[in-house]
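S.K.: Sequence:
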Amino acid sequence: MGASFDAPETNKAFRDKFDFPYDLLSDGDGAMSRAYGVTDAESEKSPRKSILIAPDGTIAAAYDAVVPAEHPDQVLNDLKGLS
12 MGASFDAPET NKAFRDKFDF PYDLLSDGDG AMSRAYGVTD AESEKSPRKS ILIAPDGTIA
72 AAYDAVVPAE HPDQVLNDLK GLS
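Using the numbering used here, read the sequence shown as starting at 12 and increasing by one per residue.
Each hint should be verified, as a subset may be incorrect.
[To be verified] Straight-line distance between alpha carbons at most 25 Å, and here's what the computed DMTMM-like set of lysine to aspartate or glutamate pairs gives: (1) 60 with 84; (2) 60 with 17; (3) 56 with 30; (4) 23 with 55; (5) 28 with 17; (6) 91 with 67.
Hint data in this document are derived by calculation from the structure and do not stem from the laboratory. Computed from a prediction, not measured in an experiment: that's the story for all the values here.
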């Protein structure tokens with residue numbers, strides 16, 4: 012899943028435009044992003060960062076610098092390590 016501060020309809024349009032095979036969550040008030048340490052209280056928009064959440068809800072990996080073309084392979088490799 013992905014998440015941004017955008018409204019659900021904006022996220023849906025973005026997902027549909029780029030044909031993402033996953034949903035984009037709306038974190039309009041930034042509460043989820045702050046809870047996982049992705050952003051701080053002063054941020055007005057969601058930064059391009061990723062976190063990999065383990066099945067037990069803990070953060071298994073954090074990615075502060077995301078290169079979109081390379082990031083899927085990076086996450087998939089890290090997912091293999093969770094099994």
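S.K.: I'd like to know which numbered hints this structure contradicts. Please list them from smallest to largest.
M.R.: The structure breaks none of the hints.
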